[in-house]
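4 protein chains.
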Amino acid sequence: MGRIRIGMVGGGQGAFIGAVHRIALRMDDRFDLVAGCFSRDPENTKKTAEELSVDPSRAYATWEEMAEREAALPEDERIEAVSIVTPNHVHAGPAIGFMEKGFDVICDKPLCTTAEEAESIAAAVERTGRVFALTHNYTGYPMIREARDIVRGGRIGTVRKVYAEYLQGWLSTDLESGGHKQAAWRTDPAQSGPVGALGDIGTHAFNLLEHVTGLNVTSLFAVLHTFIEGRRLDDDDMVLLKLDGGASGTLCSSQVCYGRENGLMLRVFGTTGAIAWRQEHPNDLELTNEDGSVTTIRTATGVHGDASGSLARTPAGHPEGYLEGFANIYTAFARRLRGEDDLEDAHPTVHDGVRGVRFISACLESNAAGGWVDV
Amino acid sequence: MGRIRIGMVGGGQGAFIGAVHRIALRMDDRFDLVAGCFSRDPENTKKTAEELSVDPSRAYATWEEMAEREAALPEDERIEAVSIVTPNHVHAGPAIGFMEKGFDVICDKPLCTTAEEAESIAAAVERTGRVFALTHNYTGYPMIREARDIVRGGRIGTVRKVYAEYLQGWLSTDLESGGHKQAAWRTDPAQSGPVGALGDIGTHAFNLLEHVTGLNVTSLFAVLHTFIEGRRLDDDDMVLLKLDGGASGTLCSSQVCYGRENGLMLRVFGTTGAIAWRQEHPNDLELTNEDGSVTTIRTATGVHGDASGSLARTPAGHPEGYLEGFANIYTAFARRLRGEDDLEDAHPTVHDGVRGVRFISACLESNAAGGWVDV
Amino acid sequence: MGRIRIGMVGGGQGAFIGAVHRIALRMDDRFDLVAGCFSRDPENTKKTAEELSVDPSRAYATWEEMAEREAALPEDERIEAVSIVTPNHVHAGPAIGFMEKGFDVICDKPLCTTAEEAESIAAAVERTGRVFALTHNYTGYPMIREARDIVRGGRIGTVRKVYAEYLQGWLSTDLESGGHKQAAWRTDPAQSGPVGALGDIGTHAFNLLEHVTGLNVTSLFAVLHTFIEGRRLDDDDMVLLKLDGGASGTLCSSQVCYGRENGLMLRVFGTTGAIAWRQEHPNDLELTNEDGSVTTIRTATGVHGDASGSLARTPAGHPEGYLEGFANIYTAFARRLRGEDDLEDAHPTVHDGVRGVRFISACLESNAAGGWVDV
Amino acid sequence: MGRIRIGMVGGGQGAFIGAVHRIALRMDDRFDLVAGCFSRDPENTKKTAEELSVDPSRAYATWEEMAEREAALPEDERIEAVSIVTPNHVHAGPAIGFMEKGFDVICDKPLCTTAEEAESIAAAVERTGRVFALTHNYTGYPMIREARDIVRGGRIGTVRKVYAEYLQGWLSTDLESGGHKQAAWRTDPAQSGPVGALGDIGTHAFNLLEHVTGLNVTSLFAVLHTFIEGRRLDDDDMVLLKLDGGASGTLCSSQVCYGRENGLMLRVFGTTGAIAWRQEHPNDLELTNEDGSVTTIRTATGVHGDASGSLARTPAGHPEGYLEGFANIYTAFARRLRGEDDLEDAHPTVHDGVRGVRFISACLESNAAGGWVDV
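The listed protein sequences correspond, in order, to chains B, X, Y and A. The opening residue of the first sequence carries number 1 in the working numbering; numbering runs sequentially from there. The opening residue of the second sequence carries number 1 in the working numbering; numbering runs sequentially from there. The opening residue of the third sequence carries number 1 in the working numbering; numbering runs sequentially from there. The opening residue of the fourth sequence carries number 1 in the working numbering; numbering runs sequentially from there.
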């Protein structure tokens with residue numbers, strides 16, 4: 001049926017995550033990027049389109065214009081889906097707008113900045129019946145799927161403890177004052193919403209732990225803190241968690257852990273085993289067996305289940321990384337659009353997004369009140 | 001001046017830590033074990049003495065008798081120091097008793113089970129002027145000394161974040177019901193005091209983080225939990241910490257993390273660098289440099305300071321472990337007894353013990369009240 | 001100037017490396033795959049073209065036809081370059097053929113199967129002035145570029161020892177008898193040439209060590225062995241090496257090291273430092289400093305030189321892998337075609353290919369004679 | 001039956017390995033060091049005796065005098081065994097001399113410097129019936145015993161490949177000219193015998209691979225080299241090996257691998273699995289299972305066999321190291337002297353020593369002839 005024609009909102013020159021999305025969508029040759037509103041600045045949009053070999057006539061000044069005019073194109077010409085890679089405060093608008101016009105949506109995380117927006121997006125998904133994928137990209141790693149199958153399949157017994165963390169160091173200084181674009185919008189409440197590190201990376205850790213364990217966090221106690229003077233959002237978070245079934249744990253997200261790159265780590269301990277995974281060496285999954293030995297399961301070796309095998313492009317020993325994990329989300333989205341199989345949970349959905357926003361709200365509330373809050 | 005004549009209280013057949021202390025005291029040939037009250041059971045004491053080539057006439061039925069009769073021996077014959085390796089509730093009695101009789105004391109941790117006892121011991125140290133060493137043995141690892149020198153020396157800037165954890169899995173089942181001696185006393189409030197995992201291993205993590213950073217924990221929020229039905233003390237703890245100077249962090253101690261052996265880990269992040277250390281591979285210290293690179297410093301390589309060099313017995317690359325770390329505490333104690341140099345902080349002291357007991361009290365209070373408590 | 005129009009020879013359904021090349025060429029959006037002769041079987045070529053959205057009229061039955069007809073197309077329509085991903089014995093023909101028609105070539109390794117072919121290809125490169133890139137893809141890893149800069153820049157002093165190895169386990173059994181396509185051609189002298197493991201993976205290790213050190217292997221002593229009964233080519237090799245300037249070392253390549261995936265490892269020791277790198281964790285480069293400490297340099301952290309930074313697509317901590325390394329070779333090829341900078345050694349060339357074939361010849365000769373042979 | 005009275009030949013002030021032996025013999029409280037001839041220099045012997053609390057009347061000027069006078073003491077007073085820790089050229093004399101006087105012997109490696117000496121020692125063991133233990137200490141590591149049980153027990157099938165290496169960097173410069181005592185005797189043919197690195201560390205790697213696999217090296221091709229100008233013995237060795245049953249492999253020993261500490265590594269690949277072990281992290285044994293997964297077996301976890309469990313002094317997770325491994329050899333020697341169980345292969349014997357000397361001879365012969373030599 002050929003490649004899926006996709007458009008992009010955001011991702012102009014100077015952006016980070018847009019370029020990542022584009023590599024991801026090219027990886028498995030399932031998409032053609034044919035339209036875009038890449039920036040609020042029309043000049044940037046124009047240049048970006050040129051750089052990306054996007055027809056200038058389909059480089060739009062606003063996402064509203066893009067939705068309008070693309071919808072007016074002949075069915076075999078107009079985009080089939082849109083990728084939204086803007087700062088957090090510009091997710092809800094285009095997400096709902098494009099779904100209303102009949103387009104499927106793949107959107108960067110966190111879903112949005114408020115519970116109200118989250119409900120609106122979820123309602124729009126329900127109402128329009130469109131496919132909505134959220135790029136909690138770390139769930140695209142083969143070894144995370146393996147971990148999920150192991151834990152949900154009961155291989156480590158009943159979950160007791162969960163330790164999740166996402167530690168970075170890049171905001172250890174006041175980068176935003178120096179004009180660093182990524183730092184600037186991520187520490188700006190107007191663009192990021194009410195939280196900083198918690199939304200940017202804490203939600204990844206939260207999503208990962210619920211994804212792998214299949215358990216909901218039921219209540220939490222959160223301490224949000226800002227280390228850098230003058231910074232307007234949290235840059236360091238510590239959260240205690242209680243989960244369904246009596247499990248408990250901690251979730252730490254920080255952007256002032258000097259020198260840490262993308263230290264996303266998940267450890268889950270059950271009654272008969274345990275798993276551990278570190279994003280920076282994503283092809284290794286540590287499984288503690290019931291006899292106490294620790295087995296390293298590696299991408300594409302086919303040692304345990306086969307869920308993970310289908311997510312690797314090359315045989316075992318050819319390391320796949322961040323971009324490949326991201327591409328797995330895009331390819332799952334493509335497969336769902338093409339109806340290639342029933343992939344109920346092949347990619348994160350709006351429900352993951354809603355959970356993430358609830359997590360943020362509960363943390364804010366707990367931090368303000370100094371007590372435990374239900375999620 | 002020859003070896004130091006030492007006696008031991010506790011450590012009879014079936015005990016664990018007593019044997020460790022004996023290997024530690026033999027390691028550097030600084031002690032002769034010449035007397036003991038190894039058990040409440042005189043038969044056990046007798047057999048243990050025989051096994052250890054201790055003169056039967058100096059195998060005593062009670063520690064009180066031992067203190068009395070050893071003090072009555074000629075000065076060049078009687079013990080010079082005593083090692084106390086009994087369960088926690090039998091630390092204060094002999095510690096004070098032997099000091100009162102003029103003996104120096106080296107005592108297992110935690111110091112004791114109540115704040116009152118802790119104050120009494122501290123007062124006895126003050127009053128008698130005896131040397132009192134506490135075997136927070138992990139501070140005896142060369143790379144912990146190196147870490148301390150690095151952090152206290154300002155090499156990583158001002159400390160912002162501290163993550164300490166000590167995770168074990170051996171109490172993942174109800175071992176104590178099956179007659180497992182170690183499990184039995186450690187989960188028995190009468191012998192262990194008011195806490196289980198927190199006292200057994202949490203205090204090690206606490207001591208290590210204060211030791212390395214030189215910062216005091218000022219307040220904490222603790223959740224103590226018991227996962228195993230019927231168990232009478234906590235087997236899982238999560239503690240949020242605030243430290244002097246604005247740093248914060250987490251301390252997790254658990255004995256139900258399936259499969260974990262002695263997962264004591266310390267990570268400290270400062271404004272210009274960081275350190276990380278894992279007890280199970282104790283000869284590797286990770287130092288994050290200001291330029292973001294990570295240097296592994298190894299025992300006895302003499303790469304950084306020389307504090308750590310003096311604690312290794314063999315050249316770099318000959319791994320030294322738990323017993324050697326323990327022996328370093330004993331040897332520091334010996335050197336202090338012999339006045340070989342001024343070793344202000346060469347071994348943990350009664351003050352470390354008092355801090356540990358305060359930490360336990362604060363955790364209990366916080367857990368009961370559901371709020372932050374000063375330490 | 002838009003994307004480069006590229007064609008492909010080989011890589012039909014059932015092939016492995018062709019798909020890898022296609023992901024690599026899409027990664028950075030520098031190429032459009034517009035023509036191909038994907039298989040000796042026209043039906044396979046047709047289906048592959050369809051799958052790849054290649055115009056059926058440009059899916060050719062033979063590479064000769066493809067070269068002929070593409071050359072006849074208008075300049076702004078015809079391919080600009082060709083990617084050759086056939087088994088080893090079908091490299092020389094199309095490589096020379098396409099260069100003669102004015103096309104630039106990127107070709108899989110090893111260059112070819114005989115010294116004569118190698119000389120012919122090198123002569124054709126010289127004669128036609130075309131760009132010729134060889135996909136010794138491991139040189140595309142950022143940390144290999146870093147290693148090269150460090151070693152060639154004198155940072156570890158004069159090289160003394162080189163230990164290179166590439167250990168796999170997938171041919172530990174007689175896979176080829178069972179119809180495994182990859183195993184079949186790689187163990188078939190008619191398709192692979194006179195060597196098996198040595199050509200398939202040994203040449204990668206050889207290329208890597210000459211690439212990183214900048215030193216030539218001057219003589220070698222090789223033992224080629226076949227462990228699996230009935231296999232027609234070597235599956236295990238041990239080679240002792242002498243290098244320019246007095247260095248020496250070992251190179252081991254094996255496909256019967258049970259369980260090993262792609263165990264390509266390079267260690268180089270100099271007079272004042274050392275480096276070590278392992279392909280399965282490619283973002284970590286170990287540098288032994290003159291003071292004996294070991295620093296881990298990580299992709300994109302910008303710690304050392306900047307050669308490696310330009311090869312990463314994402315900030316530090318987002319692991320890049322095998323496909324990204326492969327893509328770096330393609331992108332260097334693209335940049336050279338577009339004249340974007342002078343990239344003397346940005347990708348392996350025909351000279352690397354000639355060296356590889358000489359290495360194979362010398363190993364065969366040494367193995368037969370039981371003595372040292374000059375390279 | 002009390003501690004074993006032992007004497008020591010060698011190990012005076014300034015020596016390295018003597019102090020290691022003394023820690024090892026104290027570790028498990030099985031020995032009393034009561035006599036010694038610690039140095040050729042009587043003054044050194046006297047001081048060393050004083051330091052070690054050895055009765056001055058039993059500090060002897062020569063080993064001959066020591067053997068003579070100790071043998072003349074009453075049976076319940078004289079030494080029962082002797083530890084020989086002199087440079088290699090002073091092993092054979094005292095070893096044979098003390099056995100002739102009825103003493104059991106534990107001797108440092110390599111056994112001696114010539115094949116003739118080796119035969120004499122072996123003949124003396126045979127003739128006198130004394131116990132003779134050789135401190136190839138690395139066989140005392142629990143995980144090496146585990147590896148031996150796994151490999152010899154057939155768990156990885158038939159052995160195909162063996163890669164052994166022992167890489168150090170401490171002789172990367174001409175240390176011996178600067179008066180470094182350890183460097184001086186180890187590079188002096190008069191004291192070390194005809195080889196340097198090969199005898200000092202290569203024999204450890206050789207012993208380990210024969211110990212773990214239970215296979216004999218049948219022939220070898222060796223290249224011995226000296227990198228440091230003026231050095232009189234090899235400082236770098238590369239050896240190709242053929243073993244019983246068709247296995248093959250490499251053995252590299254070097255003391256000019258800049259920065260390496262004690263890089264002893266053994267990897268063994270069989271037809272259905274593999275093992276890997278690194279001395280610097282000795283409590284981890286990697287086992288590749290038949291399904292391709294890699295299990296880490298750890299000291300004292302009791303995961304696999306129980307051979308290794310009996311060699312650990314503390315529960316899993318308390319790292320044991322070099323000194324504990326050394327002590328295991330001493331304790332096995334003690335148990336054999338006391339007849340506590342039949343410990344056929346609990347410690348390396350004179351036969352290991354004879355194999356080591358043959359290995360050295362074969363390497364020298366191969367290196368001189370430039371061809372393969374039988375071992």
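Worth flagging that the hints you see were computed from the coordinates, not collected in a lab. Be a bit skeptical, because a hint or two may be false.
With beta-carbon atoms standing in for the labels, derived distance ranges [to be verified]:
{"id": "1", "chain 1": "X", "residue 1": "GLU229", "chain 2": "A", "residue 2": "GLU290", "range": "47 to 55 Å"}
{"id": "2", "chain 1": "X", "residue 1": "HIS180", "chain 2": "B", "residue 2": "GLY154", "range": "23 to 31 Å"}
{"id": "3", "chain 1": "X", "residue 1": "ARG338", "chain 2": "B", "residue 2": "ASP174", "range": "47 to 55 Å"}
{"id": "4", "chain 1": "B", "residue 1": "THR158", "chain 2": "X", "residue 2": "GLU77", "range": "55 to 63 Å"}
{"id": "5", "chain 1": "X", "residue 1": "GLY178", "chain 2": "A", "residue 2": "ASP149", "range": "23 to 31 Å"}
{"id": "6", "chain 1": "B", "residue 1": "ALA115", "chain 2": "X", "residue 2": "HIS351", "range": "44 to 52 Å"}
{"id": "7", "chain 1": "Y", "residue 1": "ASP174", "chain 2": "A", "residue 2": "GLN191", "range": "30 to 38 Å"}
{"id": "8", "chain 1": "X", "residue 1": "SER177", "chain 2": "B", "residue 2": "HIS180", "range": "30 to 38 Å"}
{"id": "9", "chain 1": "X", "residue 1": "SER177", "chain 2": "A", "residue 2": "LEU73", "range": "23 to 31 Å"}
{"id": "10", "chain 1": "B", "residue 1": "ASP174", "chain 2": "X", "residue 2": "HIS180", "range": "52 to 60 Å"}
{"id": "11", "chain 1": "B", "residue 1": "ASP149", "chain 2": "X", "residue 2": "GLU50", "range": "51 to 59 Å"}
Every residue gets a Cβ at the ideal spot worked out from N, C-alpha and C, and that includes glycine.
Evaluated hints:
no., hint, in the structure
1, X:GLU229 x A:GLU290: 47 to 55 Å, "violated, 39 Å"
2, X:HIS180 x B:GLY154: 23 to 31 Å, "holds, 27 Å"
3, X:ARG338 x B:ASP174: 47 to 55 Å, "holds, 53 Å"
4, B:THR158 x X:GLU77: 55 to 63 Å, "holds, 60 Å"
5, X:GLY178 x A:ASP149: 23 to 31 Å, "holds, 28 Å"
6, B:ALA115 x X:HIS351: 44 to 52 Å, "holds, 49 Å"
7, Y:ASP174 x A:GLN191: 30 to 38 Å, "violated, 53 Å"
8, X:SER177 x B:HIS180: 30 to 38 Å, "violated, 59 Å"
9, X:SER177 x A:LEU73: 23 to 31 Å, "violated, 56 Å"
10, B:ASP174 x X:HIS180: 52 to 60 Å, "holds, 54 Å"
11, B:ASP149 x X:GLU50: 51 to 59 Å, "holds, 57 Å"
In this structure, the earlier hints numbered 1, 7, 8 and 9 are contradicted, and the remaining ones agree with it.
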